[in-house]
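There are 2 protein chains.
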Amino acid sequence: MKRLLAATALALLPFAALAMDADQSRATGDMGLVIERATGSALVIDRSEHAAIGRIEGLGDTSHASMTYSPDERFAYVFARDGGLTKIDMLTQKVVARTMQAGNSIGGAISDDGKLVAVSNYTPGGVKVFDADTLDLVADIPAGGKTIGLADLPGRRFVWTVWDTGHAFMGDFSGETPVVTDLGEVGENPFDAVVTDDAHTYLIGLFGEKGVTSIDLWSEHPKPVKFLKDYGKLEDDMPVYKMPHLQGWAFTEGQFVLPAVGRHELLWVNRETLEEVGRTQVHGQPVFVIAQPASPYVWVNFATPLNGVVQVVDSRTHEVVKTLEPGKAILHMEFAPRGAEVWMSSRDDNKIIVYDTRTFAVKAEIPAQSPSGIFFTARAHQPGL
Amino acid sequence: MKRLLAATALALLPFAALAMDADQSRATGDMGLVIERATGSALVIDRSEHAAIGRIEGLGDTSHASMTYSPDERFAYVFARDGGLTKIDMLTQKVVARTMQAGNSIGGAISDDGKLVAVSNYTPGGVKVFDADTLDLVADIPAGGKTIGLADLPGRRFVWTVWDTGHAFMGDFSGETPVVTDLGEVGENPFDAVVTDDAHTYLIGLFGEKGVTSIDLWSEHPKPVKFLKDYGKLEDDMPVYKMPHLQGWAFTEGQFVLPAVGRHELLWVNRETLEEVGRTQVHGQPVFVIAQPASPYVWVNFATPLNGVVQVVDSRTHEVVKTLEPGKAILHMEFAPRGAEVWMSSRDDNKIIVYDTRTFAVKAEIPAQSPSGIFFTARAHQPGL
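Chains S and R are the protein sequences, given in the same order. At position 82 of the first sequence the residue is numbered 82 (full-length UniProt numbering), and the sequence of numbers has no breaks. At position 256 of the second sequence the residue is numbered 256 (full-length UniProt numbering), and the sequence of numbers has no breaks.
Bound conformation, chain S alone (with noise of 0.2 Å):
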């Protein structure tokens, strides 16, 4: 009998591991989460399938969420707005690891390598920076004030702004001790900042004050260059109901495109002289300019009350091509990474749309709880995201 009894418990086992079996034994190219800024939680999706095929919960204040991955795709890294940094295991569907680094926190970034994670925070300011596997602290890296404009660089290297002291700096973390370098003071009130694709130049918005600043990060000895000296906001402009996201800076056909601060316009600057080419007049403050991979089309979403819409603008052109009305609140945009499709969140119609690119049609629509940002796993294999 004792035998019998042996034997079932072990005849039990198989099922709960084949049902897990079925789950985890996928590939991780298509898989994403989406972060759901009222719950705390993010919705695993299935980009081939249209699908949501899991939650994960208990991730913190998710009012104010990143994340970024693995290289080989089988983590997310979630920056919560209460410091909590929480590690997913996206096979799995678990949280596996998490920790309480800061009291208020604004983003991070992995190392090119994959094997550090780096946390820019508010409160109380600096970078921590972790092992990816463990979330063991292993570097402290205080700022005197809070940290904004994370970025990875080749390199185990990181680079980022502080907004009290108008400072960038670079930090190195490939040898024993990290080897943080001042670059220099790159304005007043920094509010954002981010890396271009091929991680040559780091461009930081200012707040108050006028211009963009740029940093060669090739150059052997890096320093802050002023331009665009009539960019940003001033007290004449219309009120900011957000500001916008630097992440969200296009880079294409040799220009940069910025949403202008305050205004319902986009800038256009060219990528080598750093001199504007041209202005579109949009429907709202921009807050989002992505561009769509493989495509001369920039997707451009808008601050609050006006943010129901989305419109295409073509960067040869400089001209509004398409204005869709996807659904109330849309608050961020994903595409796929050779541009067939883009989901986009409607945080207050509770649901993801996903468009065809080139038809504008709705391919789909996936019920998600009051959703933000979106991140498709293709991420881990850009550099600076």
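Keep in mind that the hints are not guaranteed to be accurate.
For identical chains, the list gives no copy identity; a pair is met inside one copy or between any two copies.
[Stated by the list, open to error] Straight-line C-alpha distance at most 25 Å; calculated SDA-like pairs for lysine to any residue: (1) K363 - G155; (2) K322 - V277; (3) K115 - V44; (4) K322 - D216; (5) K94 - D82; (6) K351 - D113; (7) K322 - A361; (8) K322 - W218; (9) K115 - H50; (10) K226 - G58; (11) K351 - P224; (12) K226 - E253; (13) K94 - S48; (14) K210 - M100; (15) K223 - L183; (16) K363 - V179; (17) K322 - T201; (18) K210 - T304; (19) K322 - S372.
Hints were generated in silico from the structure; no laboratory data involved.
Position chain R relative to chain S; hints supplied.
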């Protein structure tokens, strides 16, 4: 007793199932295949582990083979010289479909949505299009000659060129019936062609006449334009040991970098004006010129008999900054997608060598049988690859 046996039989199941599980439950973002050119096989590699984790055999004549991945990274489609098209499951490491689709094949591509696989053929010529799921033939486009330079374009389209007739074609497979458009004459004998990373320009190399042909793929009426009228192979130059691969044309810093046919030279061309902006003297006749991601560098390998050397060239100064001797007969190079390392195949040393791109240290060596092309799954997310 009978019940006990039944329970025991059930109990035996899990071990087999779990053993398979161990192999199949893995993320696919850091996987890849290395073509073994003498044995009709491909090595399955794990980039994170710097290891070979399996071998797939029965791929036919792999002496000149290429491949592409499905959008989810689950399947690889291998195009062999003998016309064999083989579909490999990356998780089970098994051949799941195979067809001898022609007598002699040169390469292929997958549609942006992953639904169609197209193959360009020498014998009998033309383009065949297959269902990516089943490998059933869905379209057979005759061409009146050998097809070269086949690449995917957004919107379930492909572009290709015919060596014998000198015409380029665009095929749209998004509707019920394929629509094939003749883009006009590109030159007498186009030997290879490539689409730029933004899918904007189709560049076509010509044999036996000077010049390169460019087609603006974003135009409503794309048409061939000849440029670089001093470029190419005529009688007075050195013998050509190997036609350079145009897939190796690097696009960096607003430039194209071209291997000079039959010369020990790279040519730098301004991407916008299509004018030559510089030349670099290199070690031998360039074969692949590949841009290191997130850097100003291109890496170059060379035709026999000088194929034991790899050089690194700075795209800003056009100067050689490093000369490496990795091994005998370096046939191909593939970068980790964020550029941290480069993998090289040394055919005659029967190994793959992994270099750190920053320190030039050898990080690993992996045994392989006459390795040639190296293909990481991250290619699934790059238009034109």
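Practice prompt. Can you give me the call for K115 and H50, within, between, both or neither, at a CA distance of at most 25 Å?
Written response: Classified as between: cross-chain Cα gap 15 Å, same-chain 31 Å, threshold 25 Å.
Practice prompt. First find the shortest C-alpha distance between K363 and G155 inside one copy, then the shortest across copies, and answer within, between, both or neither for a cut-off of 25 Å.
Written response: between (40 Å within a copy, 14 Å between copies)
Worksheet entry | Copy assignment of K322 with A361, given that the CA separation must stay at most 25 Å | Answer is within: at 12 Å inside a copy they meet the 25 Å cutoff, but 50 Å across does not.
Worksheet item: How would you classify K322 and D216 at a CA-CA limit of 25 Å: within, between, both, or neither?
Response: between (35 Å within a copy, 22 Å between copies)
Worksheet entry | Identical-chain pair category, K210 with M100, by Cα at 25 Å | neither (36 Å within a copy, 64 Å between copies)
Item to complete: Could you figure out if K322 and W218 sit no more than 25 Å apart (CA to CA) within one copy, between two copies, both or neither?
Response: between (37 Å within a copy, 17 Å between copies)
Practice prompt. Go through the copies and call it for K322 and T201: within, between, both or neither, with a Cα cutoff of 25 Å.
Written response: between (30 Å within a copy, 24 Å between copies)
Item to complete: Pop the pair K94 and D82 into one bin, within, between, both or neither, using alpha-carbon distances up to 25 Å.
Response: Classified as within; 20 Å inside a copy, 46 Å across copies.
Worksheet item: Given a CA cutoff of 25 Å, do K363 and V179 count as a within-copy pair, a between-copy pair, both, or neither?
Response: between (49 Å within a copy, 23 Å between copies)
Worksheet item: Is it within, between, both or neither when you check K115 against V44 at 25 Å Cα-Cα?
Response: Classified as both: same-chain Cα gap 24 Å, cross-chain 23 Å, threshold 25 Å.
Item to complete: At 25 Å max between alpha carbons, let me know whether K351 reaches P224 within a copy, between copies, both or neither.
Response: neither (42 Å within a copy, 45 Å between copies)
Worksheet item: Given a CA cutoff of 25 Å, do K226 and G58 count as a within-copy pair, a between-copy pair, both, or neither?
Response: neither (42 Å within a copy, 59 Å between copies)
The structure does not agree with the numbered hints 10, 11 and 14 stated previously, though it agrees with the rest.
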